[in-house]
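Chemist: Here are the chains, one letter per residue:
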Amino acid sequence: MAQVPVEHGLILAAMLFALGLVGVLARRNLIFILLSLEVMLNAAGLAFVVAGSRWLQPDGQILFLFILAAAAAEVSIGLALVLLFQRRHPSLSVDDASGMRG
Amino acid sequence: MDAVFYISGAVAVLTTAVAITRRNPAHALLYLVVSLLSVALVFFTLGAPFAAALEVIIYAGAIMVLFVFVIMILNPAGGQSAEDAPLRNWRIWIGPSLLSAILGVELIYLFTGNAAGTTGNSEVIPSQVGVTLLGPYVLGVELASILLLAALVAAYHLGRRGLPGEEENPEGGGGA
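First to last, the sequence lines map onto chains A and B.
Numbering that gives the first Met the number 0 applies: residue 0 is where the first sequence begins, and numbers increase by one.
Numbering that gives the first Met the number 0 applies: residue 0 is where the second sequence begins, and numbers increase by one.
Certain hints may be false.
As the list claims (entries may be wrong) - Covered stretches of chain B (chain A as the covering partner; in silico rule of three or more C-beta atoms under 8 Å from a C-beta of chain A):
| # | stretch |
| --- | --- |
| 1 | 1-14 |
| 2 | 19-31 |
| 3 | 35-46 |
| 4 | 56-66 |
| 5 | 130-140 |
| 6 | 148-155 |
To be verified - To give an idea of the chain B side of the interface with chain A (calculated C-beta under 7 Å), a few residues:
| # | residue |
| --- | --- |
| 7 | 49 |
| 8 | 52 |
| 9 | 69 |
| 10 | 71 |
| 11 | 123 |
| 12 | 127 |
| 13 | 143 |
| 14 | 158 |
Hints were generated in silico from the structure; no laboratory data involved.
The structure presented is a predicted model; accordingly, all values stated were derived computationally and were not measured.
Note that beta-carbon positions come from the ideal geometry of N, C-alpha and C, so glycine has one too.
Please model the entire structure based on the sequences and the hints provided.
Modeler: Below, the structure written as structure tokens:
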């Protein structure tokens, strides 16, 4: 483990999470929003792995596995929704989605 | 080990920052794959080789391939393929390939130089992960399988042809 101090790993995770958050908030393209969500989930998994390697327990990697399963489920449904959304709004801008009803 | 961690972390942050600011989603995907590979290297230096392998196989492999398929289907660049000048393509992939070359050099350094640093008692080996995963966490595994089944059903439902208006049946959330 951890000649690397645990704070540095957590700082790296926080930086990646912040970048993903900026991407979600700043981009208007749905594909980029989904990509940024992946970055955020990945950063959360990185924090778990850092903590697991700090205490030398396998729990961190197991939580990373669960995050992986959640990310796979989320991205498959999200991309299917993107395909549906693109039939009505080919620009893929989330601002168009605010005009949806029902 | 330390230097490998910091270099990979810097590559991860840099490529992520580049990826979320691209205009073309395909270029962003190139950088994001490099970012995920560098995070996998970070996992490896932290003593989590199983998580590193899963990061490469599932994140950089499976999930990014989903994005590639959707971008291929949507083709947001319009008919840009007419101007496939080799120089333009070269300029696009030179950045990600240089950064992944850095990662490759780090990997070679890890496996040739002081590989003893990674294989001590300081790492959580995959068999430990497996024993704990199917021991105390077996309920979580079952819940993850139900989640994946629900995602499969929902993706199939959303991906059917010809449903602009009609909603026949709400699918009755992942049966027993």
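Chemist: It remains to establish, for every hint, whether it holds in the given structure.
Modeler: Right, here's what the structure says about each hint:
1. With a threshold of 8 Å between beta carbons, the proposed coverage of the stretch 1-14 of chain B by chain A holds, since 6 of its residues qualify and at least three are required.
2. Interface restraint, the stretch 19-31 of chain B with chain A: holds (5 residues with C-beta to C-beta distance below 8 Å; minimum three).
3. Chain A is given as covering the stretch 35-46 of chain B, and this holds because 7 residues of the stretch bring a CB closer than 8 Å to a CB of that chain, at least three being needed.
4. Chain A is given as covering the stretch 56-66 of chain B, and this holds because 6 residues of the stretch bring a CB closer than 8 Å to a CB of that chain, at least three being needed.
5. Coverage of a stretch by a chain is defined here by at least three residues with a beta carbon nearer than 8 Å to that chain's beta carbons; for the stretch 130-140 of chain B and chain A the count is 5, and the condition holds.
6. With a threshold of 8 Å between beta carbons, the proposed coverage of the stretch 148-155 of chain B by chain A holds, since 5 of its residues qualify and at least three are required.
7. Taken as an interface hint, residue 49/B checks out: its beta carbon lies about 6 Å from the nearest beta carbon of chain A, inside 7 Å.
8. Interface restraint check for residue 52/B: the shortest CB-CB distance to chain A comes to about 10 Å, outside 7 Å, so the restraint is violated.
9. Taking 7 Å as the C-beta cut-off, the interface hint given for residue 69/B holds, the closest approach to chain A being about 5 Å.
10. With its C-beta approaching chain A no nearer than about 12 Å, residue 71/B sits outside the 7 Å limit, and its interface hint is violated.
11. Taken as an interface hint, residue 123/B checks out: its beta carbon lies about 5 Å from the nearest beta carbon of chain A, inside 7 Å.
12. With a cut of 7 Å, the hint placing residue 127/B at the interface with chain A holds, because the nearest CB-to-CB distance is about 5 Å.
13. Restraint check, residue 143/B versus chain A: the minimum CB separation of about 4 Å is within 7 Å; hint holds.
14. Residue-level restraint check for residue 158/B holds (minimum Cβ-Cβ distance to chain A is 5 Å; threshold 7 Å).
When each numbered hint is compared with the structure, violations occur for hints 8 and 10.
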